[in-house]
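With the hints as constraints, model all of the structure from the sequences given.
Chains as they are written, first to last, in numbering that gives the first Met the number 0: chain C, 0 to 347; chain E, 0 to 347; chain G, 0 to 347.
These are computed hints drawn from the structure, not numbers from a lab. Only true hints are included.
Since the list gives no way to pick one copy over another, a pair counts as held whenever it fits inside one copy or between any two copies.
The calculated DSSO-like cross-link candidates involving lysine-lysine, where the alpha carbons are at most 27 Å apart (straight line), are:
#1 Lys306 x Lys274
#2 Lys337 x Lys327
#3 Lys306 x Lys318
#4 Lys337 x Lys324
#5 Lys190 x Lys88
#6 Lys331 x Lys318
#7 Lys3 x Lys50
#8 Lys328 x Lys318
#9 Lys190 x Lys3
#10 Lys274 x Lys52
#11 Lys43 x Lys30
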Amino acid sequence: MSMKLSALARELGLDYTGADIDIAGVNTLDKACPDELSFLVNPKYLSQMEKTKAGCVLTSGPYADKVPNALVSDNVYMDLAKVVDLFAKPQGCLSGVSELAYIHPDAQLDETVTVYPFAFVGAEAVIGAGTTIFAGAYIGEGTTIGTQCIVYPNAVVMGGLSIGNNVIVHPGAVLGGDGYGYAQTPVGHRKIPQIGTVQIADNVEIGSNTTIDRAALDTTSIKQGTKIDNLVQVGHNVEIGEHCLVIGQTGIGGSTVIGNGVVLAGQVGVPDNIKIGDGAIIGAKSGVSGDVAPGVTLLGAPAMPAKQYMRAAGVCLPKLPDLFKRVKKLEKELAAVKAEAASGEDDE
Amino acid sequence: MSMKLSALARELGLDYTGADIDIAGVNTLDKACPDELSFLVNPKYLSQMEKTKAGCVLTSGPYADKVPNALVSDNVYMDLAKVVDLFAKPQGCLSGVSELAYIHPDAQLDETVTVYPFAFVGAEAVIGAGTTIFAGAYIGEGTTIGTQCIVYPNAVVMGGLSIGNNVIVHPGAVLGGDGYGYAQTPVGHRKIPQIGTVQIADNVEIGSNTTIDRAALDTTSIKQGTKIDNLVQVGHNVEIGEHCLVIGQTGIGGSTVIGNGVVLAGQVGVPDNIKIGDGAIIGAKSGVSGDVAPGVTLLGAPAMPAKQYMRAAGVCLPKLPDLFKRVKKLEKELAAVKAEAASGEDDE
Amino acid sequence: MSMKLSALARELGLDYTGADIDIAGVNTLDKACPDELSFLVNPKYLSQMEKTKAGCVLTSGPYADKVPNALVSDNVYMDLAKVVDLFAKPQGCLSGVSELAYIHPDAQLDETVTVYPFAFVGAEAVIGAGTTIFAGAYIGEGTTIGTQCIVYPNAVVMGGLSIGNNVIVHPGAVLGGDGYGYAQTPVGHRKIPQIGTVQIADNVEIGSNTTIDRAALDTTSIKQGTKIDNLVQVGHNVEIGEHCLVIGQTGIGGSTVIGNGVVLAGQVGVPDNIKIGDGAIIGAKSGVSGDVAPGVTLLGAPAMPAKQYMRAAGVCLPKLPDLFKRVKKLEKELAAVKAEAASGEDDE
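This is the structure:
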């Protein structure tokens, strides 16, 4: 597939500079060919743009005159997303319901649903229009999946769950496994059966091999537009608000409530039973230790305001051994001063 | 299903207060309906209990008179587990061995075993009474699984392993993948084949997408009653004692030996070749750096006694930049005092 | 199977001491029987060697005379790998292409390929000689897999990827899931379709439930001989050099470039868009905060030279509360000295 730059510009509602060339794909500045479009956001890569063979570069006004052909945008990432959409080929090579899938006779599938071989759809599961269930995926009994969803290979959506529209569940993700709940008894840990559910709202994305536990009772809830990266753990009864970003290998303890627009960077740890306010940002590898106010940026373990952590742990901590020496020297010197003074007094 | 409160109380050996209502389910204080039972452990939620619509609240003596109908318990969590058991419906919608499963002709399955479509059971695998193997699960050749186990969808139990009774393997967990063992050679890392096994004792639970490596030689061993959460990594030749709690995203290096009743909180890192004594507790996100004595509570990376860490990293570290200023001021002032003294001496 | 010690020694090009016994297997010093070979590298285990029942011990010259029968090696781990290879039985119990697998008619499989039941091979996938695809594994359309590879159960290799020769993909690993890329818009995070690929070079090993994202555009690349442990996250467009060791639960942010021979220990966090030089070693649980020079050893979060971190965080941090007390005492004493001096001056 290829299209004229003029047609592309029209499609996106953007202006372009230079010749009306044919565009056949999208690539990085470094790798793009003359019939491909590339993009520049970060001026750090200006030198790459100057050397690129890309036929056209999608960029913002200030950089547009650095290349012969530019597509000029105020939100390069958003327009890049739109361009890539035009050229992207979705994963997969089959359509319709495979005869090699298992569909329980009491399941209800819209006629536009695709189910790959070896996928399992349990009793009374309901799957909406345009949704694709890849090979080896498991949809438990009574689970409802909305329209235009993708459940990638070997993802597991246990029974009794509710998944919205336009949800993407990446390969190997597990939704609705049991929460981690035990009663302590004199003879060991007794399992508290986890009979709650998981609700995933519209436009949520769940990364590869991420695990989202079902509630003990009630609901674990991920609200609309939230994007969860790979290998993230979400405990039972957690509630994550709208449009959050939860980045790789983060773990969230049970019953914690997270507001809207929160960012949890990679490998963050959030304990049980706390609240994180709207718009808070928790830096990578942080260990949150209690409620977090809206809008703050925290870092460290235990987490503190990010600037404070960078000063304390980034700047001061490495110099701490030296500080011990300085204090020891002060102690010696002060003792000497005092001894001197005392001997002076004695002299008197 | 529903049952009289009096019957429920009799079943659990507990007393109740108030009317002998019908109970049809269990829910949170916040969500329970008048025909549901709820529970209270933490007095933090007393205000919710006062507003609950639950027909009955399972709680301990001191709080029982706050609601019209209470079920009075000395171990609320344990009795909650028992109540939920009564109302819980296990996951799954099939029974018996599916014709769509692959069962090797040399495998031995008890006649009460359930195997879902697309599960794989290898040669000479042995599966005990009442065990359920969900869709897409893999049971390797020669592996023995006891009675009343559940292997959830897409879990992988490689060949030659030994799994006890009442073991639960959550979706996507991998038992018996190769340990990480290489010989350094001038031309790169040469794989040391991992020919040992994994032994999982009775009443162990393995979380979703958790990985437990087979031993290089010999055995990786998880002893009875230990509960492992999601996304945990257990290295080759590790031994974990009885009744431990290993919480989400913890990693345990090869050949480490962990005692009984140990708690490893979330995202803990434990290195290779160390010993952790019985009853030790390692706080969330800690990085253990050497052997751990029985019964201690550690925190931090490198881990130290938890109170010490909270004082050092929680209280003092944020004030460290200020301490540097104070020391600098002391140095200046002391220099001034010494200069003054010296000039005084000069004066003399 | 069993073989004469003399034959074993000849096979490995090593000398042996003692009688020419039969060797039937390999085991630990602790567990080995008289017809098994064991090994000793670390002198810490000398006392175990003195008590071992092993028929023969593979060890280096200095320890060879501690047992009646020794196989003497200059690189015990490498020779252990070779011995274990002789006795190891690979996982699996089938060969050939199962009729219960799904092979797209346009896929190309070498005639020596093994495909287990319920594996899925997409359109135009190409699989080389001697490669085994276990049950439940997914090979996407257009993906090329080289010779002598193993794709273990329920591993997912999405479409359009390129996998070299002698590559091992452990159970549940996900290669080529979407990278985490969104454009910020006033109405939420808009997905940037991830249309790049993943290239895995020869002799690479990918651990259980590890996730390697496809590039946004272009390629995520793992170069030859690199060994990746379990539950590791590799972001989109990352490049990892040759012969690296990436240990359990490490996470690597998008577009980061890692040199050759780098070691990332367990639970390390590496951010987006940085470079790590050849031969660098990043200690367990570290959080790298910027480019890393070749050959350095870093530790901590933010990471600093390992010795400095051990002094600062391991030695000094626990004593920090005490340091605060010492400084407070100094301040008081100095104030007293100054007051004294001042009163002395007043006296004058």
